[in-house]
Amino acid sequence: MSGPVPSIRVVPEIPGVWRGRTAEQVQAVSTGIAALDAALPGHGWPIGALTELMPFTEGIGELRLIFPALRRRCQEKRSIVFIGLPYILYAPALVNAGLPLSRILCINTAVDDNRRWAAEQILREGSAGAVVLWSPVDADIPLRRLQLAAEAGKTLAFLYRPAKHLGNASPAAVRLGLHAAAGGIRIDIAKARGGSVRRSVVVCARALS
Amino acid sequence: MHAPIPSPTLWLCLHLPRLPLESLTAETDTAVAVVDRKGPRRWLIACSEACAVHAIDAGQDAILALSRYPELKLLERSLKQERQALIGLAVWAEQFTSFASFDPRRLCMWMEVGSVLRYFGGLDPLLDKVRHGIHTLGYTAVIGVAPTPEASLLLAHAAMPPVTDLTKLGENLRPIPLNLLPIHPDEIASLSALGLQRLGEVLDLPSDALARRYGPEFIAYLSRLLGRLPDPLQPYRAPQRYRRRFECFGQIESYEGLLFPLKRILIELEGFLRARDAAIQRLQLVFGHERHDPTVLEVRSTVPTRDAARLFLLVRERIERSVLAAPVEEITVVARRLVPLGDTQLVLIDGGIGNNSGWTVLLDRLRARLGDDAVHGLELSQAHAPERAWCCVALDEKREAEPAPDPRHARPLWLLPPRELDTLPQLLGKPERIETGWWDGQDIRRDYYKARTEAGADWWLYREEPSGKWFLHGLWA
Numbered sequence: 026m027s028g029p030v031p032s033i034r035v036v037p038e039i040p041g042v043w044r045g046r047t048a049e050q051v052q053a054v055s056t057g058i059a060a061l062d063a064a065l066p067g068h069g070w071p072i073g074a075l076t077e078l079m080p081f082t083e084g085i086g087e088l089r090l091i092f093p094a095l096r097r098r099c100q101e102k103r104s105i106v107f108i109g110l111p112y113i114l115y116a117p118a119l120v121n122a123g124l125p126l127s128r129i130l131c132i133n134t135a136v137d138d139n140r141r142w143a144a145e146q147i148l149r150e151g152s153a154g155a156v157v158l159w160s161p162v163d164a165d166i167p168l169r170r171l172q173l174a175a176e177a178g179k180t181l182a183f184l185y186r187p188a189k190h191l192g193n194a195s196p197a198a199v200r201l202g203l204h205a206a207a208g209g210i211r212i213d214i215a216k217a218r219g220g221s222v223r224r225s226v227v228v229c230a231r232a233l234s
Numbered sequence: 152m153h154a155p156i157p158s159p160t161l162w163l164c165l166h167l168p169r170l171p172l173e174s175l176t177a178e179t180d181t182a183v184a185v186v187d188r189k190g191p192r193r194w195l196i197a198c199s200e201a202c203a204v205h206a207i208d209a210g211q212d213a214i215l216a217l218s219r220y221p222e223l224k225l226l227e228r229s230l231k232q233e234r235q236a237l238i239g240l241a242v243w244a245e246q247f248t249s250f251a252s253f254d255p256r257r258l259c260m261w262m263e264v265g266s267v268l269r270y271f272g273g274l275d276p277l278l279d280k281v282r283h284g285i286h287t288l289g290y291t292a293v294i295g296v297a298p299t300p301e302a303s304l305l306l307a308h309a310a311m312p313p314v315t316d317l318t319k320l321g322e323n324l325r326p327i328p329l330n331l332l333p334i335h336p337d338e339i340a341s342l343s344a345l346g347l348q349r350l351g352e353v354l355d356l357p358s359d360a361l362a363r364r365y366g367p368e369f370i371a372y373l374s375r376l377l378g379r380l381p382d383p384l385q386p387y388r389a390p391q392r393y394r395r396r397f398e399c400f401g402q403i404e405s406y407e408g409l410l411f412p413l414k415r416i417l418i419e420l421e422g423f424l425r426a427r428d429a430a431i432q433r434l435q436l437v438f439g440h441e442r443h444d445p446t447v448l449e450v451r452s453t454v455p456t457r458d459a460a461r462l463f464l465l466v467r468e469r470i471e472r473s474v475l476a477a478p479v480e481e482i483t484v485v486a487r488r489l490v491p492l493g494d495t496q497l498v499l500i501d502g503g504i505g506n507n508s509g510w511t512v513l514l515d516r517l518r519a520r521l522g523d524d525a526v527h528g529l530e531l532s533q534a535h536a537p538e539r540a541w542c543c544v545a546l547d548e549k550r551e552a553e554p555a556p557d558p559r560h561a562r563p564l565w566l567l568p569p570r571e572l573d574t575l576p577q578l579l580g581k582p583e584r585i586e587t588g589w590w591d592g593q594d595i596r597r598d599y600y601k602a603r604t605e606a607g608a609d610w611w612l613y614r615e616e617p618s619g620k621w622f623l624h625g626l627w628a
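Going line by line, the protein sequences match chains A and B. Counted from 1, the first sequence has number 61 at position 36 by our numbering; the numbering is strictly sequential. Counted from 1, the second sequence has number 518 at position 367 by our numbering; the numbering is strictly sequential.
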């Protein structure tokens with residue numbers, strides 16, 4: 026276990042309990058982007074809960090969006106696990122983004138069930154700094170399993186899903202629609218358990234380094 | 152300086168009355184018995200616990216037993232399989248002793264333990280370890296401990312407590328009934344005809360009179376029993392390479408059926424590795440089938456291990472995701488390369504306490520279920536062509552030092568297989584020329600651009616020279 030890191034807000038909480046608008050109760054890791062932190066309960070990506078990211082276009086900074094948090098987890102000497110990558114995760118770009126390659130683990134398997142199984146195992150075990158999963162899944166039970174696994178292991182859990190599912194219900198704690206915007210990326214907060222202050226945030230491209 | 156006082160010899164004997172059954176199957180909750188032929192008749196020689204309910208016991212005629220319980224499952228005795236089981240036990244026992252020996256005819260195994268008592272903290276802790284091990288291996292054993300091999304077996308038969316002092320051995324053996332002695336029933340009958348019932352009464356007789364009546368072999372046995380003559384016991388020596396075969400008494404068709412023999416084999420393997428202060432990272436499982444090529448499975452561990460429970464988990468996951476071509480007739484487990492260990496690593500390798508052990512166990516499970524190639528790390532490689540500037544690395548491979556960022560050459564997070572473009576999005580900034588020659592195995596000349604599509608996506612494109620064609624090669628995700 027790593028020691029307390031001042032920049033992470035660690036507030037004791039019981040996972041899975043609806044807390045209305047008491048945003049401070051959510052345990053989170055800063056997104057590294059002030060405008061986004063301000064819009065999310067707990068001021069960052071929730072720990073021990075599922076965050077869904079649904080890009081409407083590919084190549085708009087949808088992955089770089091979570092990199093500041095991933096870098097922080099690597100500094101805590103924890104690994105980042107990418108599961109079910111849709112394309113080649115390009116190692117030279119990771120190095121340039123400041124992610125140490127020795128902390129990166131990729132799991133590629135053709136069957137979506139196996140990807141979600143692997144994600145669940147890793148989330149539940151709890152040592153990993155973050156799990157980043159791509160899955161076309163749109164059924165309540167598999168999503169709920171992922172959410173429960175993230176709660177059990179108190180891990181950061183990011184799930185990239187097709188944007189067409191944004192309108193459907195999901196047990197994830199945070200659900201974001203990602204759009205291309207002039208000079209950056211527009212983040213529509215579709216759901217934020219623990220209450221959200223703003224519905225939409227635009228992050229400029231420079232902030233996504 | 153004093154020379155160390157040699158420890159007195161002490162033998163631990165495991166008598167395995169149910170070995171004929173337990174070497175074949177782990178079934179105990181159904182009525183199963185092993186039969187052996189004696190002349191024209193077939194006799195039960197070992198029965199599962201569930202047989203007792205139907206008043207079926209070893210020593211009964213097979214026909215009689217079937218009349219009591221027609222559902223009784225009968226298995227033919229396999230001397231070969233019993234011998235294999237004893238060899239496996241001797242391999243397992245090497246973690247406790249440097250001298251293990253067995254007698255397939257008398258269903259027993261001996262271990263010399265006098266020299267290791269101090270290492271294990273005395274006889275009782277050692278007996279606890281042995282009993283626990285025997286139980287997890289799935290055997291029923293009675294233990295006898297004495298200064299001579301024959302006496303230890305006799306004490307096991309008589310279920311009597313350990314005798315450690317050679318000078319008190321004769322006295323302690325006196326109450327043992329004669330029918331437990333390994334002599335012909337006719338001789339026992341003739342001794343009882345003389346009014347003798349216990350060993351002590353026989354020992355009181357003058358030995359020349361006994362020799363005349365029962366032959367010199369009987370006298371030699373008594374001498375070995377009491378330690379007056381050395382026992383010609385030969386130690387079993389395991390080969391340095393681990394290879395264990397298990398023949399299935401019937402074909403195994405279910406995955407669960409494979410688990411019992413594999414669990415036993417892996418516990419034996421742990422004993423083998425402990426005896427050599429070693430661990431393994433790879434294990435090969437070969438399943439033999441009738442009229443089919445054998446199925447060969449490799450199991451790999453991220454860190455060297457010898458923990459049977461951990462290996463079992465890996466093996467189970469590996470089998471779960473494999474398709475076996477046909478029912479299994481025979482299992483062979485091979486461990487080729489042993490990794491030597493220093494004492495300092497033990498805690499981590501034996502599992503449980505190490506800081507990262509949960510994590511490495513998890514990685515092994517993932518690899519066992521999804522395949523070795525499915526779980527990998529990333530590394531840079533020296534090639535100039537962008538598609539070859541990276542590579543996958545296995546988790547147990549040695550890593551290069553962490554590379555430094557190269558901010559002069561921006562790269563996209565997603566790399567795509569090159570796709571030719573008909574229409575061009577808006578190009579941004581200056582191109583980056585990437586050239587490789589024949590020395591790189593590929594002759595390419597490309598100008599790379601960042602470009603923005605109408606939908607607002609950022610692409611990584613290149614114009615190929617000399618063809619002038621445009622290709623999409625990456626996404627700035």
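Bear in mind the hints are in silico, worked out from the structure with no lab data behind them. A couple of the hints might just be wrong.
Claimed, not checked - Simulated crosslink set (DSBU-like; lysine-lysine; CA at most 35 angstroms straight-line): (1) Lys179/A x Lys581/B; (2) Lys189/A x Lys216/A; (3) Lys414/B x Lys601/B; (4) Lys224/B x Lys216/A; (5) Lys179/A x Lys102/A; (6) Lys280/B x Lys414/B; (7) Lys581/B x Lys620/B; (8) Lys231/B x Lys319/B; (9) Lys189/A x Lys280/B; (10) Lys620/B x Lys414/B; (11) Lys620/B x Lys601/B; (12) Lys319/B x Lys280/B; (13) Lys231/B x Lys102/A; (14) Lys189/B x Lys224/B; (15) Lys601/B x Lys189/A.
Said to hold, decoys possible - FRET-style restraints, in silico, Cβ to Cβ: (16) Ala177/A x Pro390/B: 53 to 63 angstroms; (17) Ala177/A x Asp279/B: 51 to 61 angstroms; (18) Cys229/A x Cys542/B: 53 to 63 angstroms; (19) Asp557/B x Lys102/A: 36 to 46 angstroms; (20) Arg394/B x Ala188/A: 39 to 49 angstroms; (21) Ser532/B x Gly220/A: 42 to 52 angstroms; (22) Leu579/B x Lys102/A: 47 to 57 angstroms; (23) Ser405/B x Gly123/A: 47 to 57 angstroms; (24) Thr574/B x Ala59/A: 53 to 63 angstroms.
C-beta: ideal position from N, C-alpha, C; glycine also.
Of the hints stated earlier, which fail here? 1, 3, 4, 8, 9, 10, 13, 16, 17, 18, 19, 20, 22 and 24
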